[in-house]
Amino acid sequence: MITVKNLCKEFKNPDGSINKVLAGIDYEINKGEKIVIVGPSGSGKSTFLRCLNLLERPTSGQIIFDDEDITAPKVNINKIRERMGMVFQNFNLFNNLTVMENITLAPVKLKVMSPEAAKEKATELLKRVNLLDKADVYPASLSGGQKQRIAIVRSLCMNPEVMLFDEPTSALDPEMVGEVLDVMKSLADEGMTMVVVTHEMGFAREVATKVLFVDEGKILEENSPKEFFDNPQSKRLQDFLSKVL
Amino acid sequence: MTLNERFIAAFVTSDRWKLYLGGLGITLEVAVFSALLGLLIGNVLALMKLSYKEDGKPTVFNYIASVYIDVIRGTPSVLQLLIMWFIIMASSNNGILVASLSFGINSGAYVAEIVRGGILAVDKGQMEAGRSLGLSKAATMRYIVLPQAFKNVIPPLGNEFITLIKETAIVGYVSLADLTRVANQIASRTYDAFMPLIGAAVIYFVIIKILTILLGKLERRMRKSDNR
Numbered sequence: 230m231i232t233v234k235n236l237c238k239e240f241k242n243p244d245g246s247i248n249k250v251l252a253g254i255d256y257e258i259n260k261g262e263k264i265v266i267v268g269p270s271g272s273g274k275s276t277f278l279r280c281l282n283l284l285e286r287p288t289s290g291q292i293i294f295d296d297e298d299i300t301a302p303k304v305n306i307n308k309i310r311e312r313m314g315m316v317f318q319n320f321n322l323f324n325n326l327t328v329m330e331n332i333t334l335a336p337v338k339l340k341v342m343s344p345e346a347a348k349e350k351a352t353e354l355l356k357r358v359n360l361l362d363k364a365d366v367y368p369a370s371l372s373g374g375q376k377q378r379i380a381i382v383r384s385l386c387m388n389p390e391v392m393l394f395d396e397p398t399s400a401l402d403p404e405m406v407g408e409v410l411d412v413m414k415s416l417a418d419e420g421m422t423m424v425v426v427t428h429e430m431g432f433a434r435e436v437a438t439k440v441l442f443v444d445e446g447k448i449l450e451e452n453s454p455k456e457f458f459d460n461p462q463s464k465r466l467q468d469f470l471s472k473v474l
Numbered sequence: 003m004t005l006n007e008r009f010i011a012a013f014v015t016s017d018r019w020k021l022y023l024g025g026l027g028i029t030l031e032v033a034v035f036s037a038l039l040g041l042l043i044g045n046v047l048a049l050m051k052l053s054y055k056e057d058g059k060p061t062v063f064n065y066i067a068s069v070y071i072d073v074i075r076g077t078p079s080v081l082q083l084l085i086m087w088f089i090i091m092a093s094s095n096n097g098i099l100v101a102s103l104s105f106g107i108n109s110g111a112y113v114a115e116i117v118r119g120g121i122l123a124v125d126k127g128q129m130e131a132g133r134s135l136g137l138s139k140a141a142t143m144r145y146i147v148l149p150q151a152f153k154n155v156i157p158p159l160g161n162e163f164i165t166l167i168k169e170t171a172i173v174g175y176v177s178l179a180d181l182t183r184v185a186n187q188i189a190s191r192t193y194d195a196f197m198p199l200i201g202a203a204v205i206y207f208v209i210i211k212i213l214t215i216l217l218g219k220l221e222r223r224m225r226k227s228d229n230r
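Respectively, the protein sequence lines represent chains U and Y.
Per my numbering, the first sequence runs over residues 230 to 474.
Per my numbering, the second sequence runs over residues 3 to 230.
Hints in this document: simulated from the structure, not taken from any laboratory.
Check the hints yourself; a few may be wrong.
Stated by the list, open to error - Quick list of simulated restraints, FRET-style, between CB atoms:
id, chain 1, residue 1, chain 2, residue 2, range
1, U, A346, Y, A123, 13 to 23 Å
2, Y, E56, U, R434, 38 to 48 Å
3, Y, V62, U, N388, 37 to 47 Å
Stated by the list, open to error - 30 Å max Cα-Cα, derived DSSO-like pairs, lysine-lysine:
id, chain 1, residue 1, chain 2, residue 2
4, U, K308, Y, K55
5, Y, K126, U, K249
6, Y, K20, U, K241
7, U, K348, Y, K139
8, U, K308, Y, K59
9, U, K414, Y, K126
10, U, K234, Y, K126
11, Y, K226, U, K350
12, U, K303, U, K340
13, U, K356, Y, K226
14, U, K363, Y, K126
15, U, K340, Y, K126
16, Y, K55, U, K338
17, Y, K126, U, K350
For every residue, glycine included, the Cβ atom is placed at its ideal position computed from N, Cα and C.
Please model the entire structure based on the sequences and the hints provided.
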């Protein structure tokens, strides 16, 4: 579904030196897979995820999404992004819009569905995450866990083919992590293709089809969750797991 | 002369109060026209100054806006008014037009920086979220960023309008009889500066106080989405 070929991303530091955040990543994500990416902070895992929908422009390399090279110059990236949902660490709900407007804005403006159909779908999704009573409030009045569940709903309303999660629980109070992970788990159970950057090792073990360990801009290790956690191969991963588990 | 007689000389004799009203009319006319022009120019300049190419380099519009803002902010507004009156629009004797243009062009530079600041103050994540859903940059700007930026800029824009109203007190230079000039003329006719000048000051104060109250109302209404 998504094929990543030799993906590199470099940032220029203010002093002119070059910071190589992604140093050649090759990977293939198949339909229905749940890929969980873990790694130390600054390892490039978030940058990798943000490259997948070109929020970050790769310096070189290719990203092929359903046989289309989305890094090619003439690609209409907006059309591609309609099919890839993204959930952010800081929720990024639109502060000037109510919950319902947050969810229906994109599908309606992009003419993916009629206003009535969007509202109906949003209502159904809000019911699913138990937040229908919040439909007409502004994001400022919501808790972090509620905001993140609504952010997930907002992405889902576009009927995406794949969902990208960028540390979705890292900005949450501990007692709210569970409610967000539950929504993600039920999404996984329905067969959604998911790419998740997270520090929630329990989630990785339970839900992932593959776990990737990214460090210094490379995929150092990839394995099924059981092998990944019970039998880590590289010294770096053993060190990392001994610190986080 | 008693205070009462001085008041009558300054405001009542030969219907002088009408002169103040006429002066206030001119002051407000110039202020409103130039505020509207300033808003228009300022918003366009702000968007120009925020335009970057795909590779992150500034566009040519960006440079043009920067030069405009530098030149306007780098020269006194009295001088800009005189240049407009005696050089650029020397063939026109429509003082209101010349003053409105001059102040509007001047105000535009300040409004541009206010609006730019307001847009930059909106969290980057808002734009990213819009883009991640497939909305274009323009659509995200229109539906998400600008409405939030508008809320940010009301206090400084109000400040700018208030400054503008008072700054028009220099239009006497292009022979417009605005409130300040009228008060000054009456002072020299009655040989009493106190009443006309204090009177004019009170009128400015009341006008600006009313504007302040209206802006406060607008701001409270715009902040309704912040309520917890």
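Against the structure, the hints:
1. U:A346 to Y:A123: 13 to 23 Å: 35 Å Cβ-Cβ, so the 13 to 23 Å window is violated.
2. Y:E56 to U:R434: 38 to 48 Å: Since Y:E56 and U:R434 have Cβ atoms about 41 Å apart, the given range 38 to 48 Å holds.
3. Y:V62 to U:N388: 37 to 47 Å: The hint (37 to 47 Å, Cβ to Cβ) holds, given that Y:V62 and U:N388 are roughly 40 Å apart.
4. U:K308 to Y:K55: holds (20 Å)
5. Y:K126 to U:K249: Holds, at roughly 23 Å.
6. Y:K20 to U:K241: Status violated; Cα separation ~66 Å.
7. U:K348 to Y:K139: Measuring from Cα to Cα gives roughly 24 Å; hence the hint holds.
8. U:K308 to Y:K59: holds (25 Å)
9. U:K414 to Y:K126: Given pair U:K414, Y:K126 holds - Cα atoms ~29 Å apart, limit 30 Å.
10. U:K234 to Y:K126: Holds, because 29 Å separates the two Cα atoms, which is no more than 30 Å.
11. Y:K226 to U:K350: holds (27 Å)
12. U:K303 to U:K340: Status holds; Cα separation ~22 Å.
13. U:K356 to Y:K226: holds (26 Å)
14. U:K363 to Y:K126: Judged against 30 Å, a Cα distance of about 25 Å means the pair holds.
15. U:K340 to Y:K126: holds (25 Å)
16. Y:K55 to U:K338: Measuring from Cα to Cα gives roughly 25 Å; hence the hint holds.
17. Y:K126 to U:K350: It holds: about 28 Å lies between the C-alpha atoms, which stays within 30 Å.
In this structure, the earlier hints numbered 1, 6 are contradicted, and the remaining ones agree with it.
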